[in-house]
Amino acid sequence: MLPRRLPVIALALAATAAFAIPPGSIAPEFHGTDSTGKTQSLSQYRGKYVVLEWANKGCPYEQKMYNSGTMEKLQQQWTAKGVVWLSVISSAPGQQGFVSAPQENDYLKTMHAAPTAAILDPQGTIGHLYDAKTTPHMFVIDPTGKVIYQGAIDDKPSPDPDTLSSAHNYVSAALEEAMSGKSVTTAVTRSYGCSVKYAN
Numbered sequence: 038m039l040p041r042r043l044p045v046i047a048l049a050l051a052a053t054a055a056f057a058i059p060p061g062s063i064a065p066e067f068h069g070t071d072s073t074g075k076t077q078s079l080s081q082y083r084g085k086y087v088v089l090e091w092a093n094k095g096c097p098y099e100q101k102m103y104n105s106g107t108m109e110k111l112q113q114q115w116t117a118k119g120v121v122w123l124s125v126i127s128s129a130p131g132q133q134g135f136v137s138a139p140q141e142n143d144y145l146k147t148m149h150a151a152p153t154a155a156i157l158d159p160q161g162t163i164g165h166l167y168d169a170k171t172t173p174h175m176f177v178i179d180p181t182g183k184v185i186y187q188g189a190i191d192d193k194p195s196p197d198p199d200t201l202s203s204a205h206n207y208v209s210a211a212l213e214e215a216m217s218g219k220s221v222t223t224a225v226t227r228s229y230g231c232s233v234k235y236a237n
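When you line the sequence shown up against my numbering, it's residues 38 to 237, in that order.
Dumping the calculated BS3-like pairs for lysine-lysine here, alpha-carbon to alpha-carbon at most 27 Å:
1. K110 with K146
2. K219 with K110
3. K219 with K118
4. K75 with K183
5. K85 with K110
6. K85 with K219
7. K85 with K183
8. K110 with K75
9. K118 with K75
10. K85 with K146
11. K118 with K183
12. K193 with K219
13. K183 with K193
14. K146 with K118
Pair ranges (Cβ atoms, derived):
15. G218 with A117: 18 to 24 Å
16. L201 with T223: 14 to 20 Å
17. L201 with T73: 25 to 31 Å
Hints were generated in silico from the structure; no laboratory data involved. Predicted model only: the values in this text are computed from it and were never measured. Just so you know, even glycine gets a beta-carbon here, dropped at the ideal spot from N, CA and C.
Go ahead and model the full structure; you've got the sequences and the hints to work with.
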């Protein structure tokens with residue numbers, strides 16, 4: 038008989054077995070509507086670094102990042118340096134994490150979150166385009182439009198906020214190296230978190 042905890046782990050934790058978009062590849066163009074009703078596209082930010090963060094406020098791995106203030110600090114830190122940070126919500130209607138525009142705006146305000154925009158992707162169009170597997174699943178795109186990092190946000194695949202104090206943040210490391218003219222040391226990792234709640 039399988040241990041009781043295995044189904045819980047299988048439900049809560051999903052990890053990419055294959056990498057969605059290899060580093061060095063041109064990031065796919067997309068168009069989506071954000072929580073303020075504005076159209077967002079990747080091409081409008083050509084010439085800037087862009088971070089894509091797949092989000093689901095009901096996921097305990099996302100809650101670890103937001104309830105601790107860690108994700109908000111990252112957003113504030115990097116947008117202050119000219120980086121574009123786009124949260125993408127690909128949860129389908131009726132699935133965990135699905136939100137209306139007003140609900141997302143209220144959440145961002147309550148959490149003091151500071152992404153450049155939060156894109157609502159209830160049909161999963163952008164999510165499938167990037168083969169986003171988990172929340173969070175992170176992508177860093179350079180000013181030429183190439184993916185320079187994709188995968189986990191850090192090296193602590195746990196929903197426990199106590200792990201954050203010793204975590205190595207892959208997104209910050211990639212941005213720091215790239216913006217200093219260096220090659221990204223770790224360009225791809227296996228993402229972890231809850232599975233993206235696409236339509237069944």
